[in-house]
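Novice: Spelled out, the chains give:
There are 4 protein chains.
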Amino acid sequence: MSIQLSRTSYGKSAVRVMKLVKHADWHEIKEVEVCTLFEGEFEEAHTIGDNSNVLPTDTQKNTVFALAKDHPLNTIEDFGLHLAKHFLGQNPQIHKVRIELSQKQWTRINDQGSPHPKAYQRGGNEKWTAVIELTKDSTRIQSGIADLLILKTTDSGFSNFKRDALTTLKDTEDRIFATSLTAVWDYTSSATDFAALRESVQSNLLSSFANHKSLSVQHTLYDMGKRVLDTVEPVSKIDLDMPNKHNLLVNLAPFDMTNENEIFVVTDEPFGVIKGTMEKR
Amino acid sequence: MSIQLSRTSYGKSAVRVMKLVKHADWHEIKEVEVCTLFEGEFEEAHTIGDNSNVLPTDTQKNTVFALAKDHPLNTIEDFGLHLAKHFLGQNPQIHKVRIELSQKQWTRINDQGSPHPKAYQRGGNEKWTAVIELTKDSTRIQSGIADLLILKTTDSGFSNFKRDALTTLKDTEDRIFATSLTAVWDYTSSATDFAALRESVQSNLLSSFANHKSLSVQHTLYDMGKRVLDTVEPVSKIDLDMPNKHNLLVNLAPFDMTNENEIFVVTDEPFGVIKGTMEKR
Amino acid sequence: MSIQLSRTSYGKSAVRVMKLVKHADWHEIKEVEVCTLFEGEFEEAHTIGDNSNVLPTDTQKNTVFALAKDHPLNTIEDFGLHLAKHFLGQNPQIHKVRIELSQKQWTRINDQGSPHPKAYQRGGNEKWTAVIELTKDSTRIQSGIADLLILKTTDSGFSNFKRDALTTLKDTEDRIFATSLTAVWDYTSSATDFAALRESVQSNLLSSFANHKSLSVQHTLYDMGKRVLDTVEPVSKIDLDMPNKHNLLVNLAPFDMTNENEIFVVTDEPFGVIKGTMEKR
Amino acid sequence: MSIQLSRTSYGKSAVRVMKLVKHADWHEIKEVEVCTLFEGEFEEAHTIGDNSNVLPTDTQKNTVFALAKDHPLNTIEDFGLHLAKHFLGQNPQIHKVRIELSQKQWTRINDQGSPHPKAYQRGGNEKWTAVIELTKDSTRIQSGIADLLILKTTDSGFSNFKRDALTTLKDTEDRIFATSLTAVWDYTSSATDFAALRESVQSNLLSSFANHKSLSVQHTLYDMGKRVLDTVEPVSKIDLDMPNKHNLLVNLAPFDMTNENEIFVVTDEPFGVIKGTMEKR
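One line per chain: the protein sequences are A, B, C and D, in this order. To convert, take the position in the first sequence, counting from 1, and add 27; that gives this note's numbering. To convert, take the position in the second sequence, counting from 1, and add 27; that gives this note's numbering. To convert, take the position in the third sequence, counting from 1, and add 27; that gives this note's numbering. To convert, take the position in the fourth sequence, counting from 1, and add 27; that gives this note's numbering.
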């Protein structure tokens with residue numbers, strides 16, 4: 028028997044960079060969190076402690092800040108690709124660079140009816156995400172959205188499901204449907220304008236969610252993914268993760284009250300897990 | 028020596044209620060979290076385990092849901108007052124009821140340019156808060172905002188501060204000023220339209236923050252509080268808690284780069300604590 | 028009408044210091060988190076941006092690290108007092124210093140039956156806490172424990188409570204009693220050996236919790252506090268916060284099973300709030 | 028172009044069960060959190076909203092509680108396997124069942140020198156984990172540990188690493204090495220006594236960590252994994268995830284103090300990511 032080191036990766040996570048661009052009368056800010064990960068010729072670092080191939084994670088952090096200085100950070104996809112090319116180009120011992128990025132949302136403060144040119148407030152919970160994987164021979168760019176809390180109050184039911192001896196759930200034609208959406212999508216090679224593509228994917232996801240006659244979370248998840256693939260040409264594949272954040276009808280019968288889908292208890296646990304991947308063929 | 032039970036309180040926390048109101052063509056939702064707390068004649072519950080004065084916390088939870096059914100939940104202040112009056116009115120053994128409430132923000136999904144009548148997304152991190160304290164002889168209503176992340180990129184400095192042997196900080200005339208604002212305010216007895224008052228307080232806080240020539244966090248905190256007291260007549264007192272969420276300038280000099288307030292590292296720890304209370308006299 | 032700045036405080040929070048002491052054959056570590064807060068002559072810092080009285084929060088952070096170098100950090104109470112005296116002694120503009128400290132638990136790794144002299148693992152969730160408040164004329168030292176999760180499986184009931192029209196809870200003589208204990212206690216002026224006092228308080232709290240015939244959370248809270256005051260002479264007052272972390276009996280009747288207090292669902296929300304303060308008179 | 032639903036899964040997460048077993052003079056408790064996930068013939072649930080194959084996630088939750096009633100919950104591996112067989116056996120539409128489990132640690136309260144038979148406190152941060160994957164033709168059992176915080180104060184260096192123009196890190200022969208260990212291991216088919224195997228894996232991981240002369244996190248990670256594979260016969264493969272939780276040396280030079288590895292600042296962000304998989308061949 029021998030022991031094989033079958034896979035390794037290392038890097039720096041939670042590198043949080045804020046870039047401020049000052050124009051004459053207005054400013055822009057970008058808040059991006061970066062994780063860098065390398066795979067490659069690191070066997071002897073593990074087996075005998077030879078660090079000569081190991082570019083420190085501290086240097087990776089420095090690199091994120093230094094490269095952010097001269098890059099516009101227009102999109103996290105472009106910045107991630109820039110970082111990946113830098114690391115792969117300078118380090119022949121690295122076979123694969125993976126850059127994970129997320130961007131928090133800031134909107135301009137509404138100051139007496141106008142967006143303020145230099146003051147901001149956090150705009151929503153959701154993050155924009157991207158993952159870049161680069162090797163000598165391949166480039167993979169994924170974009171995504173994480174933690175987008177959405178809820179609809181109509182056109183959602185769940186009935187005629189499989190029952191067994193432990194089933195107590197009743198059919199419903201009318202419930203609250205709430206989820207914390209995480210989406211990740213791949214592109215065909217023709218994608219370049221990542222900002223416009225993101226906007227298009229997000230508006231299609233939201234519009235499908237809002238308007239679909241939902242027979243189950245699965246049913247709506249599929250409609251949302253299909254609509255993106257049908258509509259946003261350079262998207263080749265999409266993963267959707269839509270946990271069912273239950274708003275449960277409160278039983279008011281003991282108090283001689285009827286609850287016609289008016290009063291719900293909001294719960295975090297347990298929650299339904301619903302995931303699906305759709306792709307073009 | 029004797030042992031005295033000098034203060035007690037009990038209640039139910041994290042009661043999360045969602046109220047859905049269905050109009051013909053559009054819906055409304057309110058997501059409110061409630062904590063109920065009682066003080067009163069509970070000494071023997073502690074000393075000898077006599078529970079005859081103890082209305083269960085489970086009943087308090089039931090009450091929140093049952094009373095939400097018939098109350099419009101137009102504002103958390105009004106709903107909290109309604110709850111407090113119910114508990115105090117039915118329970119002579121209770122001397123003081125405290126109701127703490129917070130409301131999460133939902134905005135309508137933008138569906139191809141129009142707000143959707145029945146679908147929503149989480150709108151910002153911040154929560155609206157209220158605290159009601161009711162006794163036989165007194166009513167106190169406080170409103171507030173919690174976790175409102177705001178940031179400005181100009182008109183913020185900190186200089187000419189006190190120095191000692193352990194001071195290494197340098198004067199700055201230009202820095203990022205970011206905070207997670209928590210505000211709590213009291214009213215004079217004339218307050219009734221809590222929704223309009225809240226909107227007025229929040230817009231004054233944001234406008235002051237955005238436009239103030241800040242010589243320190245303290246300096247801006249005072250301007251924000253003063254502006255609310257000057258402008259929003261029924262507000263008698265305001266507490267502001269404005270932790271300094273440091274965005275630290277990254278030293279790029281080792282890489283022969285200058286960083287003219289362009290690249291910052293976003294940090295959570297440690298953070299500055301800045302608190303102040305202002306009131307009318 | 029005039030506007031008065033009725034209260035202010037400022038300082039630095041989440042200063043996390045690790046002190047390592049190397050003895051010949053074994054090491055000691057102390058992980059302490061510190062928050063420093065000042066009150067005093069800071070009115071003009073707020074009203075006109077005059078920072079000449081403002082010792083920067085950055086300097087406060089530096090001071091924590093510099094003073095930790097020469098202090099043994101034997102107890103957080105002693106270190107907190109040392110910090111408070113330093114700040115008050117050097118800064119006449121400060122009227123009151125408040126130092127909040129918490130210490131995380133590390134235990135030695137069990138290496139084949141023996142505690143390792145130089146390797147550790149986190150030992151439990153709970154934190155040890157202390158608060159020092161120092162003015163020219165007064166010293167207050169409080170010690171505490173936070174987030175100590177404890178649970179008992181017997182001798183816990185809740186019955187004969189007050190009922191109203193919204194009460195659905197049933198009497199129980201046998202339930203799981205779980206809480207996340209937070210305790211804070213004051214000393215008479217004779218206290219000096221804070222390590223031994225802490226150990227005594229904690230063992231009395233745990234022993235009372237484990238063995239008390241509990242008729243309610245309130246009933247046990249009182250027994251725990253009383254036992255500390257009866258037993259640990261220099262403790263003059265104790266606050267206990269014992270949220271009722273509900274382990275709810277699962278209804279297995281629909282599956283033709285009886286659940287004789289065997290299977291529970293663990294819940295975080297909602298939870299009961301039970302607080303009490305006891306003091307010697 | 029057609030759109031294909033290439034992968035789906037669904038289930039229930041965060042099902043938190045507490046099992047209490049009462050012996051004559053002492054009790055046992057097990058706190059286990061379960062996630063159930065199914066893959067199989069669910070295409071039409073997505074494409075046309077046909078739920079006839081969909082066993083509700085609510086039923087999955089019920090099943091966890093009902094099966095916990097008659098199972099000893101001796102190990103999470105055995106309970107997970109029991110659950111997986113139940114679901115796969117009763118549901119021909121399911122092709123693969125995945126059960127994820129984690130168990131929190133409770134230790135008996137030390138009551139005046141003896142472990143209390145019926146009272147407990149949380150024992151450490153770490154969780155025991157298991158993942159079961161079952162199909163008609165295959166069984167995979169993985170065990171693990173998550174969130175085990177460990178730290179060593181000696182025998183840890185990092186030097187002679189690769190440098191580039193953005194490297195500022197200096198060689199060190201003496202640093203604090205702290206990590207939050209997550210380990211997952213696979214078994215050969217001969218494994219049955221999962222409790223004893225877990226104990227053996229954990230003690231080998233800790234002993235290696237404590238005693239290894241570490242030239243890097245990677246170097247120690249490899250030693251830890253190799254030692255498990257060398258020593259614990261039925262373990263065929265192990266993944267280790269050992270984020271470098273930096274304790275950074277504080278620069279006390281500006282205060283004319285030397286810091287000979289005594290005072291560190293504890294940081295959460297950014298952190299190094301170090302992962303590796305080792306297996307027998």
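Be aware that one or more of the hints could be misleading.
[What the hints assert, rightly or not] One side only, chain C facing chain D, incomplete, derived with CB under 8 Å:
1. R43
2. V277
3. L279
[Claimed, not checked] Here are some chain A residues the structure puts well away from chain C; computed CB gaps all over 10 Å:
4. W53
5. K272
6. L275
[What the hints assert, rightly or not] Derived DSBU-like pairs: lysine-lysine, alpha-carbon spacing no greater than 35 Å straight-line:
7. C/K57 <-> D/K302
8. D/K189 <-> A/K264
9. C/K96 <-> B/K46
10. C/K272 <-> B/K112
11. C/K46 <-> D/K189
12. D/K46 <-> D/K197
13. B/K264 <-> B/K253
14. A/K272 <-> D/K154
15. B/K46 <-> B/K197
16. A/K189 <-> A/K307
17. D/K197 <-> C/K49
18. D/K272 <-> A/K272
19. C/K189 <-> C/K163
20. B/K302 <-> C/K264
21. C/K272 <-> D/K46
22. D/K46 <-> C/K189
23. A/K57 <-> B/K57
24. C/K96 <-> B/K302
25. D/K197 <-> D/K163
26. C/K57 <-> B/K272
27. C/K96 <-> C/K240
28. D/K189 <-> A/K302
29. A/K46 <-> B/K253
30. A/K264 <-> D/K163
31. D/K112 <-> C/K49
32. B/K197 <-> B/K163
33. C/K240 <-> C/K123
34. B/K49 <-> A/K49
35. B/K272 <-> B/K253
36. A/K154 <-> B/K49
37. D/K154 <-> A/K189
38. B/K189 <-> C/K189
39. D/K96 <-> A/K302
40. A/K49 <-> B/K197
It should be emphasised that the hints constitute simulated quantities derived from the structure, not laboratory data. All values reported here derive from a predicted model rather than from experimental measurement. In this text, a Cβ means the ideal position worked out from N, Cα and C, and glycines have one as well.
Novice: Each hint should be assessed against the structure and marked as holding or not.
Specialist: Now for the hints, and whether the structure bears them out:
1. R43: Interface hint status for C/R43: holds (4 Å vs cutoff 8 Å).
2. V277: 5 Å, holds
3. L279: Holds. Min distance 6 Å.
4. W53: 25 Å, holds
5. K272: Holds: least Cβ distance 13 Å, greater than 10 Å.
6. L275: Per Cβ check, A/L275 is outside 10 Å of chain C; nearest 12 Å; holds.
7. C/K57 <-> D/K302: Status holds; Cα separation ~28 Å.
8. D/K189 <-> A/K264: With Cα atoms ~38 Å apart, D/K189 and A/K264 exceed 35 Å; violated.
9. C/K96 <-> B/K46: At roughly 56 Å apart (the allowed maximum being 35 Å), B/K46 and C/K96 break the hint.
10. C/K272 <-> B/K112: 28 Å, holds
11. C/K46 <-> D/K189: 30 Å, holds
12. D/K46 <-> D/K197: Status violated; Cα separation ~52 Å.
13. B/K264 <-> B/K253: Holds - the C-alpha atoms of B/K253 and B/K264 are around 10 Å apart, at most 35 Å.
14. A/K272 <-> D/K154: The hint holds at about 25 Å.
15. B/K46 <-> B/K197: 52 Å, violated
16. A/K189 <-> A/K307: 30 Å, holds
17. D/K197 <-> C/K49: 23 Å, holds
18. D/K272 <-> A/K272: 33 Å, holds
19. C/K189 <-> C/K163: 49 Å, violated
20. B/K302 <-> C/K264: Answer holds: B/K302 to C/K264 is near 28 Å, not above 35 Å.
21. C/K272 <-> D/K46: With Cα atoms ~16 Å apart, C/K272 and D/K46 stay inside 35 Å; holds.
22. D/K46 <-> C/K189: Given pair D/K46, C/K189 holds - Cα atoms ~30 Å apart, limit 35 Å.
23. A/K57 <-> B/K57: 32 Å, holds
24. C/K96 <-> B/K302: Since the Cα atoms of C/K96 and B/K302 sit roughly 30 Å apart, the hinted pair holds (cutoff 35 Å).
25. D/K197 <-> D/K163: Between D/K197 and D/K163 the Cα gap is close to 55 Å, so the pair fails against 35 Å, i.e. violated.
26. C/K57 <-> B/K272: Holds, at roughly 26 Å.
27. C/K96 <-> C/K240: 48 Å, violated
28. D/K189 <-> A/K302: 42 Å, violated
29. A/K46 <-> B/K253: 32 Å, holds
30. A/K264 <-> D/K163: Status holds; Cα separation ~29 Å.
31. D/K112 <-> C/K49: It is violated: about 54 Å lies between the C-alpha atoms, which goes past 35 Å.
32. B/K197 <-> B/K163: Not satisfied, since the Cα-Cα distance of roughly 55 Å exceeds 35 Å.
33. C/K240 <-> C/K123: At roughly 43 Å apart (the allowed maximum being 35 Å), C/K123 and C/K240 break the hint.
34. B/K49 <-> A/K49: Between B/K49 and A/K49 the Cα gap is close to 47 Å, so the pair fails against 35 Å, i.e. violated.
35. B/K272 <-> B/K253: 22 Å, holds
36. A/K154 <-> B/K49: Since the Cα atoms of A/K154 and B/K49 sit roughly 31 Å apart, the hinted pair holds (cutoff 35 Å).
37. D/K154 <-> A/K189: 34 Å, holds
38. B/K189 <-> C/K189: 59 Å, violated
39. D/K96 <-> A/K302: Given that 35 Å is the threshold and the Cα spacing comes to 30 Å, the pair holds.
40. A/K49 <-> B/K197: Given pair A/K49, B/K197 holds - Cα atoms ~23 Å apart, limit 35 Å.
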